[in-house]
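Asker: Sequence:
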Amino acid sequence: MTSTNTEVRYSPPERVMVLHTPLLSASTTLAARIAEQLREWQVETRMGSVEADDIDRQLADIDMLIALGGDGTMLRAGCLTAPHGIPVLGVNLGRLGFLAEVQPEEWPDALARVMACEYWLEQRMMLRAVVERDGALLSTFDVLNEVFVGRGSIGRPVRIEVRIDGGVLSTYIADGLIVATPTGSTAYALAAGGPILPPELKNILLVAVAPHLIIDRPVVLHEGTTVDLRVVTDHRAVLSADGRGSIALSKGDLVRVQSSPHVCRFVRVQPKSYFYRTLMARMAQNPAAELETNPNQ
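What the sequence shown shows, in the numbering used here, is residues 3 to 299, in sequence order.
Check each hint, because a few of them may be wrong.
Here are the computed lysine to any residue pairs in the SDA-like style, where the Cα-Cα straight-line distance is at most 20 Å [as the list claims (entries may be wrong)]:
#1 Lys274 / Glu120
#2 Lys274 / Arg11
#3 Lys274 / Glu124
#4 Lys204 / Gly226
#5 Lys204 / Leu281
Here are the computed distance ranges between Cβ atoms for each label pair [stated by the list, open to error]:
#6 Gly226 / Glu38: 44 to 54 Å
#7 Gly247 / Ile216: 25 to 35 Å
#8 Arg35 / Tyr276: 22 to 32 Å
#9 Glu120 / Arg158: 45 to 55 Å
#10 Pro85 / Pro273: 21 to 31 Å
Just so you know, these hints were derived from the structure itself, not from any lab.
For clarity, every value in this text was computed on a predicted model and none was experimentally measured.
C-beta atoms are modelled at their ideal positions from N, C-alpha and C, and glycine is treated no differently.
All chains should be built: construct the whole structure from the sequences, respecting the hints.
Answerer: Okay, structure coming up:
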(Lines of atoms letter the chains of each structure in order from A; the text may use other names.)
(Lines give C-alpha, C1' and ligand atoms only; values in the text may rest on other atoms or scores of the structure.)
Protein backbone atom coordinates (compact mmCIF):
# COMPACT_ATOMS: atom_id res chain seq x y z
CA MET A 3 0.00 0.00 0.00
CA THR A 4 1.11 3.60 -0.65
CA SER A 5 0.44 6.90 1.07
CA THR A 6 -0.64 10.14 -0.62
CA ASN A 7 -1.54 13.32 1.28
CA THR A 8 -1.36 11.35 4.56
CA GLU A 9 -4.17 9.07 3.33
CA VAL A 10 -3.39 5.35 3.28
CA ARG A 11 -4.28 3.59 0.04
CA TYR A 12 -5.05 -0.10 0.40
CA SER A 13 -4.78 -2.88 -2.15
CA PRO A 14 -7.82 -4.72 -3.51
CA PRO A 15 -8.41 -8.05 -1.76
CA GLU A 16 -7.32 -11.19 -3.59
CA ARG A 17 -8.99 -13.77 -1.35
CA VAL A 18 -12.45 -13.04 0.07
CA MET A 19 -14.92 -14.98 2.19
CA VAL A 20 -18.62 -14.12 1.98
CA LEU A 21 -20.17 -14.96 5.34
CA HIS A 22 -23.91 -15.57 5.43
CA THR A 23 -26.36 -16.11 8.29
CA PRO A 24 -28.33 -19.38 7.90
CA LEU A 25 -31.33 -18.05 9.83
CA LEU A 26 -31.81 -15.33 7.20
CA SER A 27 -32.84 -16.74 3.83
CA ALA A 28 -32.08 -13.39 2.19
CA SER A 29 -28.53 -13.68 3.49
CA THR A 30 -27.82 -16.93 1.65
CA THR A 31 -29.26 -15.64 -1.64
CA LEU A 32 -27.40 -12.35 -1.47
CA ALA A 33 -24.15 -14.06 -0.51
CA ALA A 34 -24.34 -16.17 -3.67
CA ARG A 35 -24.83 -13.05 -5.81
CA ILE A 36 -21.89 -11.27 -4.20
CA ALA A 37 -19.67 -14.34 -4.59
CA GLU A 38 -20.61 -14.60 -8.27
CA GLN A 39 -19.63 -10.97 -8.87
CA LEU A 40 -16.30 -11.39 -7.09
CA ARG A 41 -15.46 -14.45 -9.19
CA GLU A 42 -16.23 -12.48 -12.34
CA TRP A 43 -13.54 -10.07 -11.18
CA GLN A 44 -11.14 -13.01 -10.76
CA VAL A 45 -11.17 -12.75 -6.97
CA GLU A 46 -10.62 -16.04 -5.15
CA THR A 47 -13.91 -16.41 -3.27
CA ARG A 48 -15.33 -18.85 -0.79
CA MET A 49 -18.63 -19.01 1.05
CA GLY A 50 -18.98 -19.49 4.76
CA SER A 51 -21.62 -19.71 7.47
CA VAL A 52 -21.41 -17.71 10.68
CA GLU A 53 -22.64 -20.86 12.48
CA ALA A 54 -20.01 -23.25 11.05
CA ASP A 55 -17.98 -25.05 13.71
CA ASP A 56 -14.74 -24.71 11.70
CA ILE A 57 -15.26 -21.11 10.58
CA ASP A 58 -12.16 -19.92 12.44
CA ARG A 59 -9.97 -22.36 10.51
CA GLN A 60 -11.51 -21.25 7.21
CA LEU A 61 -10.47 -17.64 7.84
CA ALA A 62 -6.76 -18.35 8.11
CA ASP A 63 -5.66 -17.21 4.62
CA ILE A 64 -8.24 -14.66 3.42
CA ASP A 65 -7.72 -10.91 2.88
CA MET A 66 -11.24 -9.67 3.58
CA LEU A 67 -14.53 -10.90 4.99
CA ILE A 68 -17.90 -9.74 3.69
CA ALA A 69 -20.49 -10.36 6.42
CA LEU A 70 -24.24 -10.35 5.74
CA GLY A 71 -26.64 -9.92 8.63
CA GLY A 72 -27.57 -7.71 11.55
CA ASP A 73 -25.43 -6.23 14.29
CA GLY A 74 -25.18 -9.62 15.99
CA THR A 75 -23.57 -11.05 12.86
CA MET A 76 -21.19 -8.08 12.68
CA LEU A 77 -20.15 -8.62 16.30
CA ARG A 78 -19.53 -12.29 15.61
CA ALA A 79 -17.61 -11.51 12.42
CA GLY A 80 -15.52 -8.87 14.16
CA CYS A 81 -14.52 -11.23 16.97
CA LEU A 82 -13.72 -14.04 14.53
CA THR A 83 -11.51 -11.92 12.27
CA ALA A 84 -9.72 -9.76 14.85
CA PRO A 85 -7.07 -12.37 15.81
CA HIS A 86 -6.24 -12.77 12.11
CA GLY A 87 -6.16 -9.03 11.33
CA ILE A 88 -8.82 -9.51 8.63
CA PRO A 89 -11.02 -6.49 7.77
CA VAL A 90 -14.80 -6.88 7.61
CA LEU A 91 -17.19 -5.28 5.13
CA GLY A 92 -20.70 -5.47 6.58
CA VAL A 93 -23.92 -5.62 4.57
CA ASN A 94 -26.89 -4.85 6.80
CA LEU A 95 -29.77 -7.32 6.84
CA GLY A 96 -30.89 -6.44 10.35
CA ARG A 97 -32.98 -3.68 11.91
CA LEU A 98 -30.53 -1.06 13.07
CA GLY A 99 -27.24 -1.85 11.41
CA PHE A 100 -24.94 0.34 13.51
CA LEU A 101 -21.88 -1.68 12.50
CA ALA A 102 -22.62 -2.64 8.89
CA GLU A 103 -21.27 -0.35 6.20
CA VAL A 104 -23.85 -0.72 3.42
CA GLN A 105 -27.50 -1.53 2.88
CA PRO A 106 -28.42 -4.53 0.68
CA GLU A 107 -29.11 -2.45 -2.43
CA GLU A 108 -25.78 -0.63 -2.09
CA TRP A 109 -23.42 -3.59 -2.24
CA PRO A 110 -22.55 -3.44 -5.99
CA ASP A 111 -21.26 0.12 -5.73
CA ALA A 112 -19.52 -0.49 -2.41
CA LEU A 113 -17.80 -3.62 -3.69
CA ALA A 114 -16.68 -1.84 -6.86
CA ARG A 115 -15.14 0.89 -4.72
CA VAL A 116 -13.33 -1.67 -2.60
CA MET A 117 -11.87 -3.29 -5.70
CA ALA A 118 -10.81 0.18 -6.91
CA CYS A 119 -9.03 0.73 -3.55
CA GLU A 120 -11.46 3.53 -2.63
CA TYR A 121 -11.91 2.48 0.98
CA TRP A 122 -10.34 2.93 4.41
CA LEU A 123 -10.05 0.74 7.48
CA GLU A 124 -11.54 1.72 10.81
CA GLN A 125 -9.92 0.10 13.83
CA ARG A 126 -12.03 -0.46 16.93
CA MET A 127 -10.71 -1.53 20.31
CA MET A 128 -11.93 -4.71 21.97
CA LEU A 129 -12.05 -5.96 25.54
CA ARG A 130 -10.82 -9.19 27.08
CA ALA A 131 -12.65 -10.64 30.07
CA VAL A 132 -11.09 -13.33 32.25
CA VAL A 133 -13.29 -15.23 34.71
CA GLU A 134 -11.66 -16.75 37.80
CA ARG A 135 -13.03 -18.87 40.65
CA ASP A 136 -10.87 -19.51 43.70
CA GLY A 137 -7.84 -18.42 41.69
CA ALA A 138 -8.52 -20.90 38.86
CA LEU A 139 -9.24 -19.74 35.31
CA LEU A 140 -12.78 -20.55 34.14
CA SER A 141 -13.18 -18.68 30.84
CA THR A 142 -11.69 -16.00 28.60
CA PHE A 143 -13.67 -13.84 26.17
CA ASP A 144 -12.80 -11.16 23.63
CA VAL A 145 -15.69 -8.79 22.93
CA LEU A 146 -16.36 -5.84 20.67
CA ASN A 147 -19.35 -4.38 22.53
CA GLU A 148 -19.44 -5.16 26.23
CA VAL A 149 -19.15 -7.48 29.18
CA PHE A 150 -22.16 -7.58 31.50
CA VAL A 151 -22.22 -8.94 35.04
CA GLY A 152 -25.57 -8.88 36.79
CA ARG A 153 -28.59 -10.67 38.08
CA GLY A 154 -29.92 -13.66 36.23
CA SER A 155 -33.44 -15.05 36.47
CA ILE A 156 -33.73 -14.08 40.14
CA GLY A 157 -35.43 -10.71 40.39
CA ARG A 158 -33.08 -9.32 43.02
CA PRO A 159 -30.15 -6.91 42.56
CA VAL A 160 -26.62 -8.16 42.89
CA ARG A 161 -23.72 -6.77 44.89
CA ILE A 162 -20.55 -6.30 42.87
CA GLU A 163 -17.30 -4.97 44.25
CA VAL A 164 -15.45 -2.91 41.64
CA ARG A 165 -11.71 -2.28 41.69
CA ILE A 166 -9.91 -0.01 39.26
CA ASP A 167 -6.24 -0.90 38.82
CA GLY A 168 -6.39 -2.68 42.17
CA GLY A 169 -7.98 0.17 44.14
CA VAL A 170 -11.55 -0.10 45.38
CA LEU A 171 -14.00 2.12 43.50
CA SER A 172 -17.22 0.98 45.19
CA THR A 173 -19.54 -1.92 45.84
CA TYR A 174 -22.51 -1.56 43.53
CA ILE A 175 -25.98 -2.78 44.38
CA ALA A 176 -27.69 -2.92 40.99
CA ASP A 177 -29.28 -5.08 38.35
CA GLY A 178 -25.80 -5.28 36.90
CA LEU A 179 -22.70 -3.56 35.58
CA ILE A 180 -21.69 -3.04 31.96
CA VAL A 181 -18.04 -2.69 30.95
CA ALA A 182 -18.11 -1.45 27.36
CA THR A 183 -15.92 -0.26 24.51
CA PRO A 184 -16.70 2.91 22.53
CA THR A 185 -18.41 0.59 20.03
CA GLY A 186 -20.56 -0.79 22.85
CA SER A 187 -21.45 2.72 24.02
CA THR A 188 -24.26 2.76 21.44
CA ALA A 189 -25.57 -0.66 22.50
CA TYR A 190 -26.61 -1.89 25.97
CA ALA A 191 -24.63 0.90 27.67
CA LEU A 192 -26.66 3.55 25.82
CA ALA A 193 -29.92 1.91 26.89
CA ALA A 194 -28.68 2.04 30.49
CA GLY A 195 -28.03 5.79 30.27
CA GLY A 196 -24.36 5.80 29.30
CA PRO A 197 -22.65 8.40 27.09
CA ILE A 198 -22.04 8.00 23.37
CA LEU A 199 -18.36 7.63 22.53
CA PRO A 200 -17.07 7.88 18.94
CA PRO A 201 -15.59 4.58 17.74
CA GLU A 202 -12.04 5.83 17.26
CA LEU A 203 -11.63 6.51 20.99
CA LYS A 204 -9.77 3.99 23.15
CA ASN A 205 -11.61 4.12 26.43
CA ILE A 206 -13.37 1.68 28.73
CA LEU A 207 -16.86 2.61 29.86
CA LEU A 208 -18.37 1.47 33.18
CA VAL A 209 -22.16 1.79 33.44
CA ALA A 210 -24.42 0.56 36.25
CA VAL A 211 -27.85 -0.84 35.36
CA ALA A 212 -30.56 0.34 37.78
CA PRO A 213 -28.16 1.11 40.67
CA HIS A 214 -29.56 1.37 44.19
CA LEU A 215 -28.26 3.96 46.70
CA ILE A 216 -24.89 4.25 44.95
CA ILE A 217 -23.20 6.38 42.31
CA ASP A 218 -25.36 6.26 39.22
CA ARG A 219 -23.08 8.14 36.82
CA PRO A 220 -21.13 6.25 34.14
CA VAL A 221 -17.35 6.25 34.48
CA VAL A 222 -15.03 6.63 31.49
CA LEU A 223 -11.64 4.97 31.96
CA HIS A 224 -8.35 4.89 30.10
CA GLU A 225 -7.73 1.97 27.74
CA GLY A 226 -4.90 0.70 29.95
CA THR A 227 -7.16 0.33 32.98
CA THR A 228 -7.87 -3.01 34.65
CA VAL A 229 -11.45 -3.36 35.88
CA ASP A 230 -12.13 -6.10 38.44
CA LEU A 231 -15.72 -7.11 39.16
CA ARG A 232 -16.14 -9.45 42.12
CA VAL A 233 -19.52 -10.97 42.96
CA VAL A 234 -20.21 -10.48 46.69
CA THR A 235 -23.89 -11.38 46.72
CA ASP A 236 -25.18 -14.66 48.14
CA HIS A 237 -27.41 -15.52 45.19
CA ARG A 238 -26.12 -16.29 41.73
CA ALA A 239 -25.16 -13.73 39.14
CA VAL A 240 -24.48 -14.15 35.42
CA LEU A 241 -21.90 -12.98 32.93
CA SER A 242 -22.78 -12.18 29.33
CA ALA A 243 -20.19 -11.31 26.65
CA ASP A 244 -21.57 -9.36 23.67
CA GLY A 245 -24.96 -10.89 24.49
CA ARG A 246 -23.75 -14.40 23.63
CA GLY A 247 -25.42 -16.67 26.16
CA SER A 248 -24.46 -16.44 29.81
CA ILE A 249 -22.20 -18.01 32.44
CA ALA A 250 -23.41 -18.54 36.01
CA LEU A 251 -21.29 -16.78 38.62
CA SER A 252 -21.11 -17.56 42.33
CA LYS A 253 -20.13 -15.50 45.34
CA GLY A 254 -16.43 -14.67 45.22
CA ASP A 255 -16.04 -15.12 41.46
CA LEU A 256 -13.84 -12.53 39.76
CA VAL A 257 -14.31 -11.03 36.30
CA ARG A 258 -11.22 -9.08 35.19
CA VAL A 259 -11.69 -6.83 32.17
CA GLN A 260 -8.88 -5.19 30.20
CA SER A 261 -8.23 -4.00 26.67
CA SER A 262 -7.85 -6.92 24.29
CA PRO A 263 -4.59 -7.29 22.34
CA HIS A 264 -6.78 -7.57 19.23
CA VAL A 265 -8.62 -4.85 17.34
CA CYS A 266 -11.55 -5.17 14.96
CA ARG A 267 -11.12 -3.71 11.48
CA PHE A 268 -14.15 -2.53 9.51
CA VAL A 269 -14.02 -1.64 5.83
CA ARG A 270 -15.48 1.83 5.19
CA VAL A 271 -16.35 3.47 1.88
CA GLN A 272 -18.25 6.35 3.50
CA PRO A 273 -16.53 9.57 4.63
CA LYS A 274 -14.98 9.48 8.10
CA SER A 275 -17.80 11.66 9.40
CA TYR A 276 -20.23 8.79 8.75
CA PHE A 277 -20.59 7.86 12.42
CA TYR A 278 -22.60 10.92 13.46
CA ARG A 279 -24.85 10.80 10.41
CA THR A 280 -25.54 7.10 10.98
CA LEU A 281 -26.05 7.66 14.70
CA MET A 282 -28.68 10.34 14.18
CA ALA A 283 -30.48 8.26 11.55
CA ARG A 284 -30.59 5.21 13.81
CA MET A 285 -31.61 7.19 16.89
CA ALA A 286 -34.58 8.55 14.95
CA GLN A 287 -35.81 5.00 14.34
CA ASN A 288 -37.86 2.85 16.67
CA PRO A 289 -37.01 -0.73 15.67
CA ALA A 290 -39.57 -2.12 18.12
CA ALA A 291 -42.39 -0.49 16.18
CA GLU A 292 -42.79 -2.64 13.10
CA LEU A 293 -45.86 -0.73 11.94
CA GLU A 294 -47.17 2.73 12.63
CA THR A 295 -50.34 2.82 14.64
CA ASN A 296 -53.28 3.79 12.46
CA PRO A 297 -56.32 4.94 14.46
CA ASN A 298 -58.57 4.14 11.47
CA GLN A 299 -57.70 0.47 11.51
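Asker: Decide, hint by hint, whether the structure agrees.
Answerer: Going down the list of hints, with the structure as the test:
Of the pairs offered as hints, the one joining Lys274 and Glu120 holds, with about 13 Å between alpha carbons and a cut-off of 20 Å not exceeded. For the hint pairing Lys274 with Arg11, the CA-to-CA distance comes to about 15 Å; that is within 20 Å, so the pair holds. Under the criterion of a C-alpha separation no larger than 20 Å, the hint pairing Lys274 with Glu124 is consistent with the structure, at around 9 Å. Distance check on the hinted pair: Lys204 and Gly226 sit about 9 Å apart at the alpha-carbon level, within 20 Å; holds.
As the CA atoms of Lys204 and Leu281 are separated by approximately 19 Å, the hinted pair is consistent with the 20 Å bound. For Gly226 and Glu38, the hinted distance range of 44 to 54 Å is satisfied, since their beta carbons lie about 46 Å from each other. Restraint check, Gly247 to Ile216: a C-beta distance of roughly 28 Å satisfies the suggested window 25 to 35 Å. Between Arg35 and Tyr276 the C-beta distance comes to about 25 Å, which sits within the given range of 22 to 32 Å.
Roughly 54 Å separates the CB atoms of Glu120 and Arg158, a value that falls within the hinted 45 to 55 Å. Here the CB-CB span from Pro85 to Pro273 is close to 29 Å, well matched to the stated 21 to 31 Å.
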